[in-house]
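K.L.:
Listed below, chain by chain, are the residues.
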Amino acid sequence: MLARRSDLPLKGDAAGRFLPWLVAMMVFLAAMAVAGAFVINGVVSRWDHDVSGTLTVQVLPIGGEGGEALTDERVRAAVEVMRQVPGVLAVRALDKKQLLALLEPWLGSTDVVRDLPLPRLIDVTVDPGARIDLDAVADRLSHAVPGASLDDHRVWLSRLINLSRTIQWLAILIVGLIAVVTSTTVVYATRTGMAVHREVIEVLHLIGAHDDYIARQFADRAFSLGLAGGLIGLALSVPVLSVVGWAAHRLEGGFLPSLSLPLLGFIGIGLLPAAAALVAMLTARATVHGTLARLP
Amino acid sequence: MRHQSPGENVIRLEAVGLRYGLGPEVLQDINFSLPAGSFHFLTGASGAGKSSLLRLMFLGLRPSRGRVILFDRDIAQTRRYELPALRRRIGVVFQDFRLLDHLSALDNVALPLRVRGVKESEVQRHVPELLAWVGLAEQLHARPPTLSGGQKQRVAIARAVIGRPDLLLADEPTGNVDDHIAMRLLHLFEELNKLGTTILVATHNEQLVARFAHHPRLHIEHGLVQRLS
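One line per chain: the protein sequences are A and B, in this order.
Mapping the first sequence onto numbering that gives the first Met the number 0, position 226 (from 1) lands on 225, and the numbers just tick up by one.
Mapping the second sequence onto numbering that gives the first Met the number 0, position 57 (from 1) lands on 56, and the numbers just tick up by one.
Check the hints yourself; a few may be wrong.
[Unchecked claim] If you want a taste of the chain B side facing chain A, the calculated C-beta under 10 Å gives, among others:
#	residue
1	85
2	90
3	115
4	118
Think of the hints as simulated: they come from the structure by calculation, not from any bench.
The beta carbon of each residue, even a glycine, is placed where N, CA and C say it ideally should be.
Construct all of the structure, not just a fragment, from the sequences and the given hints.
P.N.:
Have a look at this one:
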């Protein structure tokens with residue numbers, strides 16, 4: 000396609016100077032949006048995977064002298080209640096050391112934290128296929144161990160998934176807007192090119208060139224410029240995404256799951272230059288056809 | 000490509016009028032036809048409407064009223080995608096040449112063949128041959144800005160005839176060449192005419208018309224066309 004001959008002197012046009020850079024910026028922004036959407040999706044999926052099939056029982060601590068032993072007793076009672084629930088595969092009470100390890104990323108590891116009356120947590124693994132009446136289990140638990148509560152993470156997870164979906168739609172919207180902006184720019188660049196080469200186009204038209212013969216030459220040029228710009232944009236986005244990935248990797252350590260781009264994300268970003276070139280080509284072709292339709 | 004049989008009309012204009020925008024009619028009630036295989040001159044003073052009439056005939060303009068019937072097709076009834084096929088049957092020599100300055104003489108002349116999708120080997124065989132015939136063998140790769148007026152005109156004529164058109168419309172084709180070249184070009188048109196091409200040559204060169212007085216003449220004056228014997 001790039002080697003096809005052209006009767007129109009399009010190589011010297013102003014579009015050749017600005018269009019690749021504009022497409023480069025658009026592809027760069029699209030790459031950021033696509034990467035963001037895939038990373039968010041990955042994070043939510045991993046959270047979802049980690050918490051589905053698990054329940055958490057929280058037992059409030061009892062203060063005062065001998066409170067620690069009493070709290071241990073309540074934890075054991077809660078563990079016993081949960082073990083009797085059909086569909087429960089494993090029940091594991093977290094000791095204070097494990098609780099402190101969970102809090103360490105947020106609160107540090109000072110003595111003050113160790114002295115805090117922390118609620119005790121029981122990690123319950125359930126069969127994902129089992130149908131457990133969570134309300135009944137919660138009732139039984141609060142009767143057996145007053146102050147104990149059951150958390151199935153559903154509220155938290157559904158909010159997280161909603162957030163993820165919103166961000167994904169936002170990314171799609173951004174990529175759509177980028178395509179519209181690119182397309183609009185190509186329309187104006189093509190119309191300008193047609194105005195500059197009006198006489199050549201008229202000669203081709205009058206000697207019997209089909210509209211598509213002329214449109215194809217503009218489309219080929221737009222494809223080349225779009226692809227060149229897209230590759231520049233991709234080249235710019237790779238180091239930026241790498242730096243962001245490296246910074247996120249340093250931030251990890253309990254706060255977030257691994258912020259890595261899945262293979263599909265790499266493929267999506269890798270295809271952006273071709274998509275930009277395709278948008279430019281189709282837009283240029285449609286613009287030329289639309290303009291030529293007004294000739295006699 | 001379907002050639003018209005002798006006697007059939009290649010083009011027929013019926014009650015054609017033309018105005019630009021809201022201005023007065025520059026052509027009024029034009030009625031004439033060109034039989035297949037005929038050779039006509041179109042004469043008239045500058046500004047009489049010769050070029051406008053030719054533009055109507057090579058489908059560069061649509062009439063404001065009336066009918067243009069080209070190769071038995073009413074242009075008003077013809078679908079847009081069918082028009083290029085009709086245009087390819089017409090060779091046009093524009094008054095201002097309309098050569099593409101960024102292309103060589105060879106590529107300019109090759110344009111009608113390339114838009115038809117003719118093989119490049121054929122293009123490279125026929126175009127240099129024709130350019131040599133019009134005396135431009137040495138200028139195959141020269142670009143129009145480096146050519147003289149007469150040379151440009153010959154390139155324009157070569158481009159008009161390279162596709163062996165059924166109808167050749169020439170607007171002042173001898174305006175920039177000396178008498179010797181003018182005669183040679185007219186003889187080229189006559190050769191094409193003998194091969195079946197219908198020719199209409201617009202000119203205000205009365206001497207040239209007199210030399211080829213055996214061809215009928217259409218005269219345009221005040222936007223009206225009359226046939227002179």
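K.L.:
Each of the hints needs a verdict: does it hold here or not?
P.N.:
Hint check results:
Using the Cβ-Cβ criterion of 10 Å, the hint placing residue 85(B) at the interface with chain A is satisfied: the shortest such distance is roughly 8 Å. Look at residue 90(B): its Cβ gets to within about 9 Å of chain A, closer than 10 Å, so that hint holds up. The closest approach between the C-beta of residue 115(B) and any C-beta of chain A is roughly 7 Å, which is under the 10 Å cut-off, so the hint is satisfied. Residue-level restraint check for residue 118(B) is violated (minimum Cβ-Cβ distance to chain A is 13 Å; threshold 10 Å).
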